[in-house]
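Chains as they are written, first to last, in this note's numbering: chain A, 94 to 420; chain B, 20 to 459.
There's no promise every hint is true.
[What the hints assert, rightly or not] Pairs of lysine-lysine, PhoX-like flavour, derived with a Cα cap of 20 Å:
#1 B:Lys249 to A:Lys157
#2 B:Lys145 to B:Lys352
#3 B:Lys295 to B:Lys213
#4 B:Lys385 to B:Lys373
#5 B:Lys449 to A:Lys193
#6 B:Lys214 to B:Lys145
[To be verified] Sample of chain A residues with no beta-carbon within 10 Å of chain B, all distances over it, derived:
#7 Val200
#8 Cys211
#9 Ala219
#10 Asn267
#11 Leu337
No lab work stands behind these hints: they were computed from the structure.
Beta carbons are placed, not taken as given, at the ideal position from N, Cα and C, and that holds for glycine.
Chain residues, written in single-letter form:
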Amino acid sequence: MSVATEQAPAEAAPGVRAARKRGPDHRPGLSRKLPYLLLAPAVLLELLIHIIPMLVGIWMSFVKLTKFFIANWSAAPWAGLNNYRIAVDVHNSVGEGLLKSFGVTVVFSAVTVVLAWCLGMAAAVALQPPFKGRSAVRTLFLVPYALPAYAGILTWNFMLQRDTGAVNHVLVDNLGILSDRPFWLLGGNALTSLITVALWRLWPFAFLTLMAGLQSIPQDIYEAASVDGAGTVRQWRNITLPSLRPVNLVLVLVLFLWTFSDFNTPYVLFGTAQPPAGDLITFHIYNASFLTWNFGSGAAMSVLLLIFLMIVTGAYLAVTGRRSRRA
Amino acid sequence: MRLRSLVAAAAVSALGISLAACGGSDSGDSSNGGSGGDQTLTYWASNQGTSLDNDKQVLTPVLQKFTQETGIKVNLEVIGWNDLQTRIQTATTSGQGPDVLNIGNTWAASLQATGAFLPFDDDAMKAIGGKDKFVPTALATGGKEGEPPTSVPLYGLAYGLYYNKAMFAAAGLQPPKTWEEMVTDAQKLTNPAKKQWGMALAAGSYTENVHFAFINAAQNGADWFDKDGKPTFTGDGNVQGVLRYLDLMQKDKVANPSNAQYDNGTKSVNDFANKKVAMVINQNNADSSIVANGMKAGEYGVVPFPAPAGAAAPVGSHVAGINLSIFKNTKHKDAALKFVKFMTDADTQTTLGKPFSSLPVLKDAKPVFTTDAAEAATFSDVYNNKSKPLPLVPAEDQFESTVGKAMNSMFAKIATGGTVTADEVKAALKTAQDQVAAGS
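Only chain A is shown next, with the shape it has when bound in the complex (with noise of 0.2 Å):
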């Protein structure tokens, strides 16, 4: 963002130039201080909700912030690499810890991205030929994105509960395909569990997108490829697919930085009783933070975590942008 806010005031510059020429009324130190003046607020908020919180996170890292010292920051020792140290570990147990739940993380972002752009895909091209009542499915389709995400997910920890969730009130009750009641929260389902409650929260976004994307796609090309003969299936790979692949590039991009970092789905499922198999990275840092009142170790942890995504976006521009340029 900082980019374009920047870039702003050089380019606006010589028309303003141009401008003073032409009327003779512009007074021209106000017309020089206008566009800096205009521009500062957003620079002053930019810098206060972004960058400040930015910087004063990657100084906890390099500090000892304990409980001795959260009353007063500035007494807090200076702890140089020792917080990263403990962090990257692996045969300490907080650093195998951190490892672990790195791997969770990993796999719930890639299966939830996937499921969530087909699931998206599908039900966008399902709804793009017109038919009565689609404006209806549409908006269904949209509720779990305009539900507050505390109520949705907490009606799921309702659902999902052992003995009085209606999940397994359906499977074991009534349909009788399970006999024993599993526990969803628990053991090795939670992370099944983790995995579709964030579906169901971000696969709307997903169509809701591609919904967007489909309607620059002009009609007359699917005319002239259903003329030559191309079936739908031919049709999707060879229009649908290479139309939407400036959206698809951003798209997957927000869906994995999204998931990667989500906090609320484990945090308002899970509670204060998280299963290993649910412990997403940034709750897991959440808990090293909060529970063992260490914010230097919590923070080097989420500037690792920063730094890890900043190589994934780059890699992924550098890649997807090669391409691009190539075809």
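Given chain A, work out where chain B should sit, using these hints.
Positioned in the frame of chain A, the structure of chain B alone reads:
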């Protein structure tokens, strides 16, 4: 390309923020600036009654009385146990806290270490009525030994074993005196086909679990910290103590595996009150929940939580309870001290003792929470003679969260059909110990 990098940059930086914000700003009601005579204190109360609303109903008339006597208004917020510790943390970090607040007395030494609370030195003690009015063991939980405490006792609590008299009589059983008797009785009273279990455990609540880790280890004569405050979690007595408690669900099978999802003590108490289980181990404040769920006072009895035959120490509880602290940066120090004095007065203690089912923290006071003389005697006996204080070290809160959460996971493993061996308990406690060591 340009648009995409912008979107990506925005997304990445938004991520950084969301993480940084975890360290967050909880803008709890802070005290308004002192405006002369019109003083308002902000008071965070913990959940002592049957619900947050119930607490509010009980406390409101008491606080109104305080306002009438002193002219000081009190802004009350009742906070549930799952949130209280985090709320205190954020308040400590940001300096935006209440004036007076309740804390679990086991956190006293940890919170003292943050330096955020007002020490009750001689002057402050005098202002609240002198330290001699308190029961010495209760006051000793107020902070580290040898330093002025940063909290004073408000409600006294102790664990006891509640049993259903009718169920015991029907099975021809006497209340247990040893751990072994308790297990045998529980097995006789367990009948999963009829959805009846011997005991209910709050096996998904880390705060409850860690208390039993402490008590069972104490029965084995084991401590969790050495004299220098270093964690000693992996000792044999600790491992065996934890395993003994886990075995209630694992080996003895006297508790419903669903208990692994019970994330607070009220859920297990409700099972007892609804006569689904024959026994529950809980602190004396269970009384209000039991009665609220329709069980009458004479229908249950209480005996001390038993130790195994030949145990190293007959410990049946930690010195449990709720303490009262003042935030150091309060703008109304004198008003806050007056409020603490009022809350720990004999009159207020008697008023609140019954609805909150608490044991008296004042010398010479009689328990008022029950009309059952035997029950009152049992809890007084446990509180005075069979209670061991939790370690009064700064890392105590980390012991609670790390060991408690480790037990949550082990119960979850047992509930989902796995087994937990002594070696696995030891490994889990080693992990907890490493976490504590990394934080201190």
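Here's how the hints hold up against the structure:
Between lysine 249 of chain B and lysine 157 of chain A the CA atoms are separated by roughly 18 Å; this keeps the pair inside 20 Å, and the hint holds. A C-alpha spacing of about 14 Å is found between lysine 145 of chain B and lysine 352 of chain B, which places the hinted pair at or below 20 Å, so the restraint holds. Distance check on the hinted pair: lysine 295 of chain B and lysine 213 of chain B sit about 9 Å apart at the alpha-carbon level, within 20 Å; holds. The suggested pairing of lysine 385 of chain B with lysine 373 of chain B holds, with an alpha-carbon distance near 11 Å, which does not exceed 20 Å.
Using a Cα cut-off of 20 Å, the hinted pair lysine 449 of chain B and lysine 193 of chain A holds, with the two alpha carbons roughly 17 Å apart. The suggested pairing of lysine 214 of chain B with lysine 145 of chain B is violated, with an alpha-carbon distance near 55 Å, which exceeds 20 Å. The Cβ of valine 200 of chain A lies farther than 10 Å from every Cβ of chain B, with a closest approach of about 19 Å, so its non-interface assignment holds. The non-interface label for cysteine 211 of chain A is consistent with chain B: the shortest C-beta to C-beta separation is roughly 22 Å, beyond 10 Å.
Even its closest Cβ contact with chain B, about 27 Å, leaves alanine 219 of chain A beyond 10 Å, as expected for a residue assigned away from the interface. No Cβ of chain B approaches the Cβ of asparagine 267 of chain A within 10 Å, the least distance being about 19 Å, so the stated non-interface status holds. Every Cβ of chain B is farther than 10 Å from the Cβ of leucine 337 of chain A; the closest lies at roughly 14 Å, confirming the non-interface assignment.
In the structure shown, a violation is registered for the earlier hint numbered 6 alone.
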